[in-house]
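**Student:** So the chains spell out like this:
Protein chains: 2
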Amino acid sequence: MTNLSQIRPRMLMGPGPSDVNPRVLEAMARPTIGHLDPQFLEILNDIRTMLQAVFKTSNKLTLAVSGCGSAGMEACVVNLIEPGDKMLVCVAGVFGARMKDVAERAGADVTAISVPWGQVFTADEIAEAIRDDGPFKVVGIVHAETSTGAAQPVETISRVVHDSGGLLLLDTVTSLAGMPVEVDGWNVDACYSGTQKCLSCPPGLSPVTFSAAAEDVIANRATKVASWYLDMSMIRQYWGSERLYHHTAPINMNYALHEALRIVLEEGLPARWERHARRHEALKSGLEARGFRYLADPEHQLPMLNAVALPDGLDEASLRKRLLDEFAIEVGAGLGEYKGKAWRIGLMGESATEKHVNGLLSALDAVLP
Amino acid sequence: MTNLSQIRPRMLMGPGPSDVNPRVLEAMARPTIGHLDPQFLEILNDIRTMLQAVFKTSNKLTLAVSGCGSAGMEACVVNLIEPGDKMLVCVAGVFGARMKDVAERAGADVTAISVPWGQVFTADEIAEAIRDDGPFKVVGIVHAETSTGAAQPVETISRVVHDSGGLLLLDTVTSLAGMPVEVDGWNVDACYSGTQKCLSCPPGLSPVTFSAAAEDVIANRATKVASWYLDMSMIRQYWGSERLYHHTAPINMNYALHEALRIVLEEGLPARWERHARRHEALKSGLEARGFRYLADPEHQLPMLNAVALPDGLDEASLRKRLLDEFAIEVGAGLGEYKGKAWRIGLMGESATEKHVNGLLSALDAVLP
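Going down the list, the sequences are from chains A and B. To convert, take the position in the first sequence, counting from 1, and add 6; that gives the working numbering. To convert, take the position in the second sequence, counting from 1, and add 6; that gives the working numbering.
One side of the interface only, derived from the structure: several residues of chain A facing chain B at Cβ under 7 Å: (1) P15; (2) R16; (3) V26; (4) G40; (5) E80; (6) V108; (7) Q202; (8) A232.
No farther apart than 25 Å at their CA atoms in a straight line, the calculated lysine-lysine pairs in the BS3-like style are these: (9) B:K230 with A:K143; (10) B:K92 with A:K230; (11) A:K230 with B:K143; (12) A:K230 with B:K230.
It should be emphasised that the hints constitute simulated quantities derived from the structure, not laboratory data. Idealized CB from N, CA, C, for every residue including glycine.
Start from the sequences and build out the full structure, keeping to the hints where you can.
**Tutor:** This is the structure in structure tokens:
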């Protein structure tokens, strides 16, 4: 039986979870209270206000779904989609492919377009897909593709989606709080994230936000949402002033998110974005000097997720294991097309520090031949 | 902005969450590590082993779903049901009605039978429903109905379900670890629970277990599970030896469950069941002496959930508020048919102590006219 007091801490530099600030762990360990306790309802109000600030939105329907980032993805899809609805999914990696799968299970009539791994879509390509196979009720895309390290140009894509009368569904699991995300500025209709990336909170909740247009679509559905657990028409009545019981909220996880959001806003979003960019540049120089090769289009490289091919002839799995065993540094394996060929090195939230960058580069100097 | 360090602790005597042992809060605050870290995978193995002990099963497919109890309900339903499958749902309160809703959303051809609130089904009634409208692929029932405080006689019901060739789906959200639950002994095919009741862990995870027969049904589905997030055919490959990434597990919540399960097994299930029964008897005497009236059939009264009508002429909401504000004691409001008429008083896990019983009775003496 594992003795939890003997867990060896790690420097978390994979695709998430990232390192968690001790303040967040301390918050999570506060006494559990009831999900209808006025004290807890105030905490939910705080979380909504802080999520609005981090998402840069005034959307009223902004809350934390009681599940991981993929539950947030499913929540956005199943609330907007009814069986037979047309949806365009833009696939540029594993998480775009996941969204396609989720949409098909929800009964959407899915058209998928794709670009090679590491590349991004142009607004023209989206417009062409809409012209050829649309119009679509929903267009879904992953802002920061965690499997490739590339950022999609959301703002221009949003324009063509809205010109066609569609709703834009955006995955910001990896990008939120680590680079600019502008839900209102970009006119995003449904947006979800995860807690364990640049928010540096343990995994377990998924912040989501819905525009007024998305709320209208939800309010005017002809069919019930396929998932009871993720049905926003009910969940909104718990987070809203009605305070109707839906499910028992994960109390202590919400404490953790509350504290993590406070830390993000204390630092300030522009400073936080700049810190992620700066640490990324330092890591990139160091990795390239050591023979690693970035896999994403350089113009669209994410700061917080670095997908890199190892120098020729190295076995990624054994080196990754040595980093973990000898240096307690976790980096992520490649996923999908990059499996066995690449690492995904995260610089997310509390893990985007000089100490992390230098720690990893020094460890690499010790383990590389 | 709420200062989390100033949260006023409560004595949690509602329908859950229950009081959490400080050991569990401490475990939850251990450093977050990765979801594929060998240390964490050992913790998952431990959790499976301990859940098997608590569910009293040797089912291989036993794990904690990354969501609250209602996510576990949905996970059981959507994995067993394909669109058009016939399902019988036995409704004896709010949570049976919820299961019916979940099953309908999953596309089941649902037959629902009901008994008056506080009553239980007989095996004959289930047999009759099966004869009239069956056979059913799945029969779903809530063991301990949290809205009424009545326990259904699962063992005899299980026999008629299996005689008809159906699968038995059982909700043990409120009963698990507070009264006998025998997944193998009762031949239950799919069973889910929640962490925040008699396991006395914060809410956020849902223990589930599936029999070999249920596993066969899942393996031989013609259609994909409607929910990607809850698809056991993928989740089992993360909890199993394949360790395939599905979604990022809620790391720290699993630490908490690990410690909560250790505490349950240290006490031992029979001792724990007996403790719940003993505290219930003391509470019952005290409440009845003060003019409260139990609402469930006395033969089937749950120990851990006491649904009681208040003495005539009392306003339940204002008295409940006084208990919370003046004594920091939380009891639950009535749900559904009992809304405004009853309280639901929980004696669950760490909240099933002499201190809780006496604390509540003393507080009542102070606030009752």
